[in-house]
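S.K.: Residue-level listing of the chains:
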Amino acid sequence: MSWLTEGVRKLGAVGLFLLRVLGQSVLAMGRPRSIAMQIYNTGSRSLVIVMLSGLFLGMVLGLQLFDLLQRFGSTSALGEASALALIKELGPVITALLFAGRAGTALASEIGLMGATDQLAAMDMMAVDPVRHVVAPRFIGGLIALPLLTAIFDCIGIYGTQLVGVGMMGAESGTFWSQMQGAVGVHDVYEGIIKSLVFGALCSLIAVYEGFHAQATAEGVGLATTRTVVNSAVMILLFDYVLTAVFL
Amino acid sequence: MSTEPPVVRVQDLHYAIGGRPIFAGLSLQVRRGSITAVMGPSGTGKTTLLRLIMGQTRADSGQLSVFGEQVDRLSREQLYALRQRIGLLFQNGALLTDLSVFENVAFPVREHARLPESVLRELVLMKLQAVGLRGAATLMPSELSGGMARRVALARAIVMDPEVLIYDEPFVGLDPISMGVICRLIQSLNQTLGITSIVVSHDVHEIGMIAHYSYLLSGGKVVAEGTPEQLAGASGEVVHQFMSGSPDGPVPFHYPAGDYYQQLIERER
Numbered sequence: 001m002s003w004l005t006e007g008v009r010k011l012g013a014v015g016l017f018l019l020r021v022l023g024q025s026v027l028a029m030g031r032p033r034s035i036a037m038q039i040y041n042t043g044s045r046s047l048v049i050v051m052l053s054g055l056f057l058g059m060v061l062g063l064q065l066f067d068l069l070q071r072f073g074s075t076s077a078l079g080e081a082s083a084l085a086l087i088k089e090l091g092p093v094i095t096a097l098l099f100a101g102r103a104g105t106a107l108a109s110e111i112g113l114m115g116a117t118d119q120l121a122a123m124d125m126m127a128v129d130p131v132r133h134v135v136a137p138r139f140i141g142g143l144i145a146l147p148l149l150t151a152i153f154d155c156i157g158i159y160g161t162q163l164v165g166v167g168m169m170g171a172e173s174g175t176f177w178s179q180m181q182g183a184v185g186v187h188d189v190y191e192g193i194i195k196s197l198v199f200g201a202l203c204s205l206i207a208v209y210e211g212f213h214a215q216a217t218a219e220g221v222g223l224a225t226t227r228t229v230v231n232s233a234v235m236i237l238l239f240d241y242v243l244t245a246v247f248l
Numbered sequence: 001m002s003t004e005p006p007v008v009r010v011q012d013l014h015y016a017i018g019g020r021p022i023f024a025g026l027s028l029q030v031r032r033g034s035i036t037a038v039m040g041p042s043g044t045g046k047t048t049l050l051r052l053i054m055g056q057t058r059a060d061s062g063q064l065s066v067f068g069e070q071v072d073r074l075s076r077e078q079l080y081a082l083r084q085r086i087g088l089l090f091q092n093g094a095l096l097t098d099l100s101v102f103e104n105v106a107f108p109v110r111e112h113a114r115l116p117e118s119v120l121r122e123l124v125l126m127k128l129q130a131v132g133l134r135g136a137a138t139l140m141p142s143e144l145s146g147g148m149a150r151r152v153a154l155a156r157a158i159v160m161d162p163e164v165l166i167y168d169e170p171f172v173g174l175d176p177i178s179m180g181v182i183c184r185l186i187q188s189l190n191q192t193l194g195i196t197s198i199v200v201s202h203d204v205h206e207i208g209m210i211a212h213y214s215y216l217l218s219g220g221k222v223v224a225e226g227t228p229e230q231l232a233g234a235s236g237e238v239v240h241q242f243m244s245g246s247p248d249g250p251v252p253f254h255y256p257a258g259d260y261y262q263q264l265i266e267r268e269r
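For the record, the sequence lines run as chains A and B.
Residue numbering for the first sequence follows this note's numbering, beginning at 1 and increasing consecutively.
Residue numbering for the second sequence follows this note's numbering, beginning at 1 and increasing consecutively.
Any given hint might turn out to be false.
Some residues of chain B that are not near chain A, with every Cβ distance over 10 Å (derived) [what the hints assert, rightly or not]:
| id | residue |
| --- | --- |
| 1 | 14 |
| 2 | 22 |
| 3 | 29 |
| 4 | 238 |
| 5 | 258 |
Below, a sample of chain A positions facing chain B; criterion: calculated Cβ distance under 7 Å [stated by the list, open to error]:
| id | residue |
| --- | --- |
| 6 | 118 |
| 7 | 122 |
| 8 | 127 |
| 9 | 128 |
| 10 | 186 |
Hints in this document: simulated from the structure, not taken from any laboratory.
C-beta: ideal position from N, C-alpha, C; glycine also.
Using the sequences plus the hints, can you model the full thing?
M.R.: And the structure:
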């Protein structure tokens with residue numbers, strides 16, 4: 001049972017840390033420059049990997065879905081199927097997984113190293129709360145950046161599907177776009193946005209928590225980085241199931 | 001002896017980490033305007049004492065007051081208000097690596113005061129001039145030597161004009177020139193600004209040159225105290241071993257272990 005009590009203890013610690021971060025985030029909102037810097041750090045620097053992945057995933061969807069739909073003689077549904085798959089499911093999940101691997105690890109190791117080199121302690125000694133100055137802007141930055149990255153991933157993914165499905169496999173272009181327009185409703189887009197917001201909060205929270213509580217050694221920072229990726233991936237998929245069940 | 005109440009008063013302090021006692025009835029005090037040295041062999045809890053004084057950790061029992069306030073009874077806000085009156089120089093400088101030298105020194109002012117940029121600039125340049133690094137204002141921490149980083153950290157520690165300045169091992173890893181510079185700075189800041197200084201160190205020679213009063217810690221208690229001259233002449237095996245730098249004595253060279261011969265035999269088997 002020790003793993004259970006340990007799990008509950010850690011969940012409680014993360015919950016308390018989240019409350020502290022949220023409290024300090026209100027104050028950190030007064031420094032938009034610092035938040036903008038973090039959106040750049042976490043968002044812009046993940047842009048290339050997100051765009052490339054979105055394009056390739058869209059292209060694979062174009063191939064697979066066209067092949068599948070052709071068996072049922074309904075290739076006209078390609079636009080609808082790919083857009084719904086991307087906006088509701090693949091976009092938020094894959095972008096969040098990429099975000100955890102690219103930006104989450106960078107956040108955890110940066111904060112972990114700041115702790116190991118006494119920078120966080122120095123702030124605390126200068127009567128500057130490191131949670132307000134270091135953690136909160138990074139948390140808010142991640143929260144804002146992930147939905148934006150997801151939107152870009154979705155758009156490029158749809159373009160990739162169109163590129164292969166219409167351009168190479170021969171699906172009809174007008175049908176592709178009109179079916180998509182007719183089938184995708186605002187509630188589908190909302191579902192994607194809410195998922196990406198939740199995943200953004202999860203990834204950012206896990207990264208800043210692990211970084212902030214990393215042991216002040218090289219091994220400790222490395223472990224924190226690894227835990228960030230592993231925990232983020234598991235939590236993204238768990239919450240994806242929960243949110244999908246709620247929306248259906 | 002001055003009748004003014006001490007800036008820091010530690011009375012019968014007990015503190016243990018993981019069941020291992022660090023302090024067992026520690027008592028000392030720091031007089032306003034003095035340079036007080038806290039010395040002792042490695043592992044005697046010198047840095048832990050600083051953490052206790054700054055309220056970063058709490059003692060198990062005993063009293064610890066700074067400016068007459070019981071540190072362990074302060075709320076977070078009160079503690080932060082107290083810390084604004086104290087400057088702390090970290091052993092490694094602890095400069096913020098993403099900020100330039102200028103911005104590192106300006107950091108506490110930007111956080112706690114709303115000063116016009118021109119006034120802030122003058123203030124920061126004045127502090128950098130005091131530590132001899134005005135010319136390094138645009139450099140990043142990664143471009144500084146160890147001694148320079150510590151002087152920048154010193155400029156940052158005094159930028160808010162603290163009443164107390166705490167130095168954690170300020171001489172560790174410095175060349176003789178940098179060591180001399182830091183020594184001179186500690187003295188001049190104490191004399192010109194009237195800052196009360198607490199220096200945690202095990203460099204007997206350097207401390208002897210600048211400290212007005214010294215405490216020697218061992219086994220969780222003060223084993224000797226007085227002016228550098230009094231400390232040099234103090235009796236006691238620990239004092240003698242520490243002041244003369246003997247490798248073996250009451251503070252053993254060997255970490256506690258079983259019989260050496262027996263251990264070798266066991267390995268053979």
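S.K.: Hint by hint, say whether it matches the structure.
M.R.: Right, here's what the structure says about each hint:
The non-interface label for residue 14 (chain B) is consistent with chain A: the shortest C-beta to C-beta separation is roughly 24 Å, beyond 10 Å. The Cβ of residue 22 (chain B) sits about 18 Å from the closest Cβ of chain A, beyond the 10 Å cut-off, so the non-interface label holds. Under the 10 Å C-beta cut-off, the non-interface status given to residue 29 (chain B) relative to chain A holds; the minimum distance is some 22 Å. No beta-carbon of chain A is positioned within 10 Å of the beta-carbon of residue 238 (chain B); the least distance is around 30 Å.
Distance to chain A confirms residue 258 (chain B) as a non-interface residue, since its nearest Cβ pair spans about 29 Å, more than 10 Å. For residue 118 (chain A), the interface hint holds, the least distance from its beta-carbon to any beta-carbon of chain B being 4 Å, beneath 7 Å. Interface hint at residue 122 (chain A): satisfied, since its Cβ lies 4 Å from the closest Cβ of chain B, which is below the 7 Å cut-off. Of the supplied interface hints, the one on residue 127 (chain A) holds, with its beta-carbon coming within about 4 Å of a beta-carbon of chain B, less than 7 Å.
With a least beta-carbon distance of about 5 Å to chain B, the hint placing residue 128 (chain A) at the interface is held under the 7 Å criterion. Proximity of residue 186 (chain A) to chain B is violated relative to the hint, the smallest CB-CB distance being about 41 Å (cut-off 7 Å).
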